[in-house]
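Working from the sequences, and respecting the hints, build out all of it.
Chain by chain, the residues run as shown.
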Amino acid sequence: MEQFIQQLVNGVSLGSIYALIALGYTMVYGIVKLINFAHGDVFMVGAFIGFYSITILDLGFFPALLISMAACAIFGVLIERIAYKPLRNATRIAALITAIGVSLFIEYGTIYIRGAQPEAYPTGIVPLKSLEIFGVKISGQSILILAVSIFLMIVLQFIVHKTKIGKAMRAVSHDMDAAKLMGINVNNTISATFAIGSALAGAAGVVFGMYYTKIEPLMGIIPGLKAFVAAVLGGIGIIPGAMAGGLLLGVIEALVSAAGGSLWRDAVAFIVLILILIFRPAGLLGKNVREKV
Amino acid sequence: MRKKKVAGIFMSLMVAAGVMAGCGSSSTGGEADKGGTIKIGANLELSGGVASYGQSIKEGIDLALEEINKEGIDGKKLQLVPFDNKSEAPEAINGATKLISQDKVVAIIGAATSGNTKAQIEIAQSKSIPLLTPTGTADDVTVNKGKLNDFVFRTCFIDPFQGTVAANFAVNDVKAKSAAIFIDSASDYSKGLAASFKELFEKKGGKIVKTEAYVAKDTDFHAQLTNIKGENPDFIFVPGYYEEVGLIVKQARELGIDVPMMGADGWDSPKLIELAGKDALNNTFITNHYSSGDSDEKVQDFVKAFKEKYKDKSPDAFNALGYDSAYFIADAIKRAGSSDSKKIQKALAETDGLDLVTGKMKLDKNHNPIKSAVILEYKNGEQKFNTKVSPE
Chain A
1 MEQFIQQLVN
11 GVSLGSIYAL
21 IALGYTMVYG
31 IVKLINFAHG
41 DVFMVGAFIG
51 FYSITILDLG
61 FFPALLISMA
71 ACAIFGVLIE
81 RIAYKPLRNA
91 TRIAALITAI
101 GVSLFIEYGT
111 IYIRGAQPEA
121 YPTGIVPLKS
131 LEIFGVKISG
141 QSILILAVSI
151 FLMIVLQFIV
161 HKTKIGKAMR
171 AVSHDMDAAK
181 LMGINVNNTI
191 SATFAIGSAL
201 AGAAGVVFGM
211 YYTKIEPLMG
221 IIPGLKAFVA
231 AVLGGIGIIP
241 GAMAGGLLLG
251 VIEALVSAAG
261 GSLWRDAVAF
271 IVLILILIFR
281 PAGLLGKNVR
291 EKV
Chain B
1 MRKKKVAGIF
11 MSLMVAAGVM
21 AGCGSSSTGG
31 EADKGGTIKI
41 GANLELSGGV
51 ASYGQSIKEG
61 IDLALEEINK
71 EGIDGKKLQL
81 VPFDNKSEAP
91 EAINGATKLI
101 SQDKVVAIIG
111 AATSGNTKAQ
121 IEIAQSKSIP
131 LLTPTGTADD
141 VTVNKGKLND
151 FVFRTCFIDP
161 FQGTVAANFA
171 VNDVKAKSAA
181 IFIDSASDYS
191 KGLAASFKEL
201 FEKKGGKIVK
211 TEAYVAKDTD
221 FHAQLTNIKG
231 ENPDFIFVPG
241 YYEEVGLIVK
251 QARELGIDVP
261 MMGADGWDSP
271 KLIELAGKDA
281 LNNTFITNHY
291 SSGDSDEKVQ
301 DFVKAFKEKY
311 KDKSPDAFNA
321 LGYDSAYFIA
331 DAIKRAGSSD
341 SKKIQKALAE
351 TDGLDLVTGK
361 MKLDKNHNPI
371 KSAVILEYKN
381 GEQKFNTKVS
391 PE
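Keeping their order, the protein sequence lines are chains A and B.
Residues in the first sequence are numbered consecutively from 1, following the numbering used here.
Residues in the second sequence are numbered consecutively from 1, following the numbering used here.
These are computed hints drawn from the structure, not numbers from a lab.
Take these hints with a grain of salt, some might be off.
What the hints assert, rightly or not - In the DSS-like style, the derived pairs of lysine-lysine whose C-alpha atoms are separated by at most 27 angstroms in a straight line are:
hint, chain 1, residue 1, chain 2, residue 2
1, A, 129, B, 278
2, B, 70, B, 307
3, B, 342, B, 311
4, B, 362, B, 204
5, A, 137, B, 210
6, A, 137, B, 177
7, B, 379, A, 129
8, B, 191, B, 175
To be verified - Here's a subset of chain B near chain A, in silico, CB distances under 10 angstroms, partners left out:
hint, residue
9, 219
10, 220
11, 247
12, 360
The beta-carbon is built from N, C-alpha and C at its ideal position, and this holds for glycine as well.
This is the structure:
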């Protein structure tokens, strides 16, 4: 029983990182119907910015987190303006292929600039004690990850539902042309979406570095794909769905490993994707909306 | 990418064939003792990806030859002909061809990695020139599909041997009754070590309570470690590479697993300490070829001589194995009483009880050295010599 709860804790820690990345996927998809495959690489860039802020600028965890989020927000907007905006009226497949190209560009650009060797996050930036409850060991870092994730999700919900830009985002996602007619600046709204989504990815990068220590230029690929699965699992385009999907996927992976299938962990994540696409394409929290003609 | 590599190998074979054709058939011999010197080739990774291995080995060889040449062998001096294979297999082939055909060396030391050594095997075999790798640990360097490559030798012990050393250490020193194994399922190295550990540990009455696996590049090991923790083993064997092992050790300690953990030379990197953290690494051990902290007189003499020649640099395992490789060949030349490559090959194969820095050496029938290994312990982020384990 202890072991089972411990595995759940492991899963939730992993899942909250997936959830943070998945939020960016889902927001961008909800608005421009683009699966931004470069999102996992923004996550990687965020991890590196956090790392250099801590080691070179000698900052603490929270300032590094903020710097990384800000830098990633700008980076995300740049990607959108340079790579995706010119293709806004092109076919969706063209935009998707561009996204893959951008992803490869960021990965290998990073390797070109700083080499492929991994870097280790310095330990003990945040002095945290681990908790032991009924024999279940919860490390301070797990709690920190979960706290940061939940806090950012609440902030995101607030932005989307209570602010003007959030209202604009919802309007654009509902009907881009109608929103334009109503005087909403669609370009700025889309940029804001990329900025917020990328900032969350940057935060996830720093949190990941804190928790798992090792960061390297290709670290974004697998978490990026898993977050994509999480977003589809929860219903792509739906913000609470991304959170639920991320946490659920993390727990599923931990339980698969617990059952002795650690080598099957990645396979199971993608089997989940296939099953969802077959049986519930709109995702767990999605409603089947009939395509308007 | 793969295609390009194959094309590269093919092209260098063509070049090699051209060089050989140009030199004519008279250049196949091993007699090269003009002017009282015997030439030995060193086909090493002096630049490229693993340049640090090749350079360290060469430092060791240079020191050894300096010492050997003080007296010489039957009045002759050994001369080293270095070749930089740029850490690439096609270049290693070119190097072997050049050293044998143009420089007429009697034997070749190199390369540092198993892959670059294997690239040279065909040439060495067909020209009957002994090829000695200081650090190529893969099984199939000396034996190919059950057949011995009779001109290929090595100075280091092979991978599975480290697994048996770890098992001995677990039973005799840690007094472990149960152990868990955590394998990198993508690596033959890891699986080989795990298999030999398991075999000996069970033979000695220990029990393997859990075997878990991961794949290289994984970052999250909490789930598998939680499973291992559930079985309460006395000892955990993790024969992986430092990139993952660093995270495994860190995450294990976070989950409250504080039993001894052990690995092999794959752990040996300064990055390990950064990844795992000093505290988490306490109570972990690795097997290695050699330690500069070994109190053995032979080792301490070597460390002293090395520090004198290289500005107080403390020699690592590559330095020591390079040094030993030179002595290994010099000893064979002395016993052969000739600089004929075939006689040297015979003398190398008959090596028994040669006292080297990395242990007393004897070759088994597959040309694999049987010798001692050292066990190092991590204490506050530093490797400390723990004990020396002799082969059984």
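* Asked: So which of the earlier hints does this model not fit?
  -> 3 and 12
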